[in-house]
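Each protein sequence line maps, in turn, to chains A and B. Sequential numbering from 1340 applies to the first sequence in my numbering. Sequential numbering from 157 applies to the second sequence in my numbering.
No lab work stands behind these hints: they were computed from the structure. All values reported here derive from a predicted model rather than from experimental measurement. It cannot be assumed that every hint is accurate.
[As the list claims (entries may be wrong)] Below, in silico cross-link-like pairs of lysine-lysine (BS3-like), each with a Cα-Cα straight-line distance of 30 Å or less: (1) B/Lys-536 <-> A/Lys-1683; (2) A/Lys-1884 <-> A/Lys-1683; (3) B/Lys-252 <-> A/Lys-1780; (4) B/Lys-277 <-> B/Lys-252; (5) A/Lys-1846 <-> A/Lys-1780; (6) B/Lys-252 <-> A/Lys-1684; (7) A/Lys-1483 <-> A/Lys-1493.
[Stated by the list, open to error] Short, incomplete list of chain B residues facing chain A, as computed with Cβ under 7 Å: (8) Ser-393; (9) Asp-401; (10) Phe-531.
[Said to hold, decoys possible] The following residues of chain B were derived to be distant from chain A, with all beta-carbon distances above 10 Å: (11) Ile-274; (12) Gly-276; (13) Thr-342; (14) Thr-374; (15) Lys-375; (16) Pro-394; (17) Met-457; (18) Thr-513.
Ideal placement from N, C-alpha and C gives every residue a C-beta, glycine not left out.
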Amino acid sequence: MMETLQSKSTMESSLLHKTRHSLVKAISLFIGLGLGGSLIAFGNGGKLVASAAEIEAISFALGPTVTRRLTPEQYQRVIRDVFGPTIGIRGRLDPTLRVDGLLEVGAGRISVPPSSMEQYDLIARGIADQVMDEQHRDVLVQCKPISSTAFDEKCAEEFIGTVGRFLFRRPLSQDELSLHVDMARIATATAKNYSTGLSLSLAALLVSPQFLFRHEVLEANPDTSGKYTLDAYSKASRLSFFLWDSAPDGQLLAAAEKGELRTQSGLLRQVNRMVASPRLRDGVRAFFTDMLHLDAVETLTKDTTIYPKFSSAVAKDAREQMLKTIVDVLVTREGDYRDIFTTKKTFLTKKLAAIYQVPITVHVPTGSPDTWRPYEFSANDPRAGILTHLGFLTVHSHPGRSSPTLRGKALREILLCQKVPAPPGDVDFTLVQETDNALLKTARDRLTAHSTEPMCSGCHKIMDPLGLALEKFDGGGTYRTSENGTPIDASGVLDGVAFNDGADLGKAISVNPASISCLVDRLTSYALGRSPVQGEMSWVNELYKTFATGGYAVPALMQEIALSSEFYHASISLGPNYD
Amino acid sequence: MIFLPIQLMKLTRLLDRSHLRQISLAMVASAAFVSLFAQAVSALESRSYVIDWFSQASYSQDGDCPGGVNLPTREQYAVNFTHLGYAPDEIEELMKQYALGNDGERNVREMMRFRGRIDGKPVNAFVHPWTAIDPKLTTVDGAYAFGFNLDDHVGTNSFQDPLNKEMGVDNELFRAMGCIEQFRGTYEFRPTFWEFIWNSMKESSPAWLMTIVGEDLTKGGPITIIFDRAMEHLIFSPGGEATADFTYRADPDLRSHHVFEGQIEDGVIFITNPGFLRLLQDSLSFTEFVLEKTQLRLQIMPDGRLDGFIGGYQPWRQFYFGIAQGGLGYEGMIVNDIVGIYYLLRHHADAYPNPETGQNESISATYHIEAVPAFVLVDKEGEFVEYSEHPDVSVR
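Same shape as in the complex, but just chain A (with noise of 0.2 Å):
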């Protein structure tokens, strides 16, 4: 016995140290080929069709496709959706690189260092171990072995050929099938077991740069003479990942295969089908996720004597708060995107009750997981949209302390799309840090303060003003009318438009073209992988326009990404700078 787990031990190390090694280097040869955009361009026999004078004249038109690594959620929503919610992820994923904005830009842009790959390792064979335990695998592994000690090769081709259209994207070619119904044969004969010769070659599958990025394949344009769109399993792939944040399920491969992709009508069909499931609310999640920095609530900390009530459960709970209103009042209700501004409904725990200071019932015995209300804030009350929410309020905040310049940096940047320098740096803060200065008592007192000094007070004039607006919300998100003693003036003026408070705020937001112009840029930006190049920008102008007619409803405005065809065309770019 223990010789067959020795055997078994140093089968498996020596194929996965092989298997590793292979794999190291064909992610790193991946990530050359893809980081930057660039990407080999097949034609259909599979073969370069591009002149370097052709990829010159299209590079213009058309931006790069980009090579994305999944993303962690990308990772966990496909594990769940190929293998069910059971399966657990045992481990931490590598997080994503934020760029332009956006880390749905920056997984274009990264890796899987060295080290990181043996973190996805151990993750894959976990994932492997549970699907290959007794509990799952007979769920989950269709068809049964004739043996559980002998290799069946029908079984075992059936088993990944299936899986592995799931995780790859796209059917396993002739001789990936082959490679891993090989290493499960091998794995199966040393340690005379089915279940884990099929197991370790599953868990090969989940470290192939083939599952870990999105890699996209050109082909010709059949419509029009050199220029090139995405294959039809490349096309599957980034509609599925930007409406549903996932892999393609099944019919939409179908559809790949059969070549409706192709066709304006069948893609219809399929864009119809997947704006119209519940699985909408997941790629809605996702971008809005992104484009508010929510993740930032996964390292959010805060000095808990001052702020008490605060805790990670409370951070999660903020995120996840947000992500309910916005997905209630975009997908649920059907609602105009500036009303997430502006929107007095939303949804509790009672530990986001008790920060907020209202009273909700939650009827469940004690002791019991935290659950979820409907709320609406009273017409009185002073939050109203997502920026009075504590996901906004705490995130752009000190740990000890609210800061109407990181407040303002961030309604600037991320809602408005407007850069924010950053700041010299030899910067005195101490003004800014004096909360408790007799002279200076509220936060405006002490910017204006500071502002005084000429290399500050540029920018701090971008931010702060709108930043001051959220001031009676501490950096605990707390309501307050008072710092110090002293009333808080949180007036201001956007773009002519004035505002008295936060939910004063969220309306001149709410109706600034900018913050439209932004959401379009990003959810663009987001479906691309990379910002719109100059001869896209034609038809991101026709997505404004869109997007306004339309009763700026987001879900409508994805559909219509997802129906243009400058969504699935692209340049072919040899060079890793392509901006």
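We have chain A already, so just place chain B on it with the hints.
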């Protein structure tokens, strides 16, 4: 008032007679208030609180226990063996074995558990404390104690409150328990026993709620004070401090619902019609907290919390059995002599004499309580609302 008989009929089916008596009293007492309440309904506001600290009010001072505080358990056991007639060398050997632990310790503990005697046979002394010898524990001999003048009488045996200087303070519970080390404390420093009890209670029992209702709570004037037990436990932070502004539902069980007339005066909340209070628990210790002639003195703090005292006459047997149910564990770790406590309470009980025996059944007591702002919602025909939105709720 048509709902009163209906409520009583329902309750008759649910509750035993002793419960019913108290509920009826509470309801009738509150009925008078309802009419006042209803008149002013449009102008009412309410503020609610959840009690986040509860402890016997101790004011222990150096030298207030003649001869020092009572002995620790181990030494007290040696004394108890003497009372049981053991010779000094036998006691020395027993205590030596006790110190070594294991069987020797178990043996001594069992002997102490069964130190009661009925017809010469050992019986459980915690259950039948009157069958064991009174160890005559030391009691407080001081002039000061927190509390209230419950009997409107300033006698030679009464204390003076060290904070508000009120004379005639009745707090015999403090006198009785104040020389047991784990019951000693001050306003700032919580007695060990109560720290232990409260930490157990707050995790195991539904929270206790208090609501004040009045026309303008920012000013002084008459108010209504409502006590309830919650459906939820106290919510506290990982640091152990109660979290303010959480929402609690008032338990529809009327046994823990009591309404008092009160007053806010100079930022202090008082009860003006001292009466009966009972708050049920699902406790590791006391099954219910009962006071007669309940009085209250709670300071409204600048941050909105309440801090102060609640006092009245407490049935001492409930208090005793709350401790005795802890048995050897309590005796060994928290209190030094459970039987001794029985005799202390019995001797110092100062109210509500049994008509047949003359034995006082209640003891004057004062507890230090703190409370944080909370939302308290009550059921109004299936909808949970705040007290200010439910004028009839005082009799629910």
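We went through each hint and held it up to the structure:
1. B/Lys-536 <-> A/Lys-1683: 25 Å, holds
2. A/Lys-1884 <-> A/Lys-1683: Given pair A/Lys-1884, A/Lys-1683 holds - Cα atoms ~28 Å apart, limit 30 Å.
3. B/Lys-252 <-> A/Lys-1780: Not OK: B/Lys-252 and A/Lys-1780 at ~67 Å, beyond 30 Å, violated.
4. B/Lys-277 <-> B/Lys-252: Holds. B/Lys-277 to B/Lys-252 sits at ~25 Å (cutoff 30 Å).
5. A/Lys-1846 <-> A/Lys-1780: Status holds; Cα separation ~28 Å.
6. B/Lys-252 <-> A/Lys-1684: Violated: B/Lys-252 and A/Lys-1684 sit about 71 Å apart, past 30 Å.
7. A/Lys-1483 <-> A/Lys-1493: 10 Å, holds
8. Ser-393: Holds: closest Cβ of chain A sits about 5 Å from B/Ser-393, inside 7 Å.
9. Asp-401: Result: holds, 4 Å to nearest chain A Cβ.
10. Phe-531: Holds: closest Cβ of chain A sits about 3 Å from B/Phe-531, inside 7 Å.
11. Ile-274: 42 Å, holds
12. Gly-276: 49 Å, holds
13. Thr-342: Nearest chain A Cβ is 24 Å from B/Thr-342, so the label holds.
14. Thr-374: Its Cβ never comes within 10 Å of chain A, the nearest being 15 Å, so this holds.
15. Lys-375: B/Lys-375 is indeed farther than 10 Å from all Cβ atoms of chain A, at 20 Å.
16. Pro-394: 7 Å, violated
17. Met-457: Label holds. Min Cβ-Cβ 15 Å, cutoff 10 Å.
18. Thr-513: 42 Å, holds
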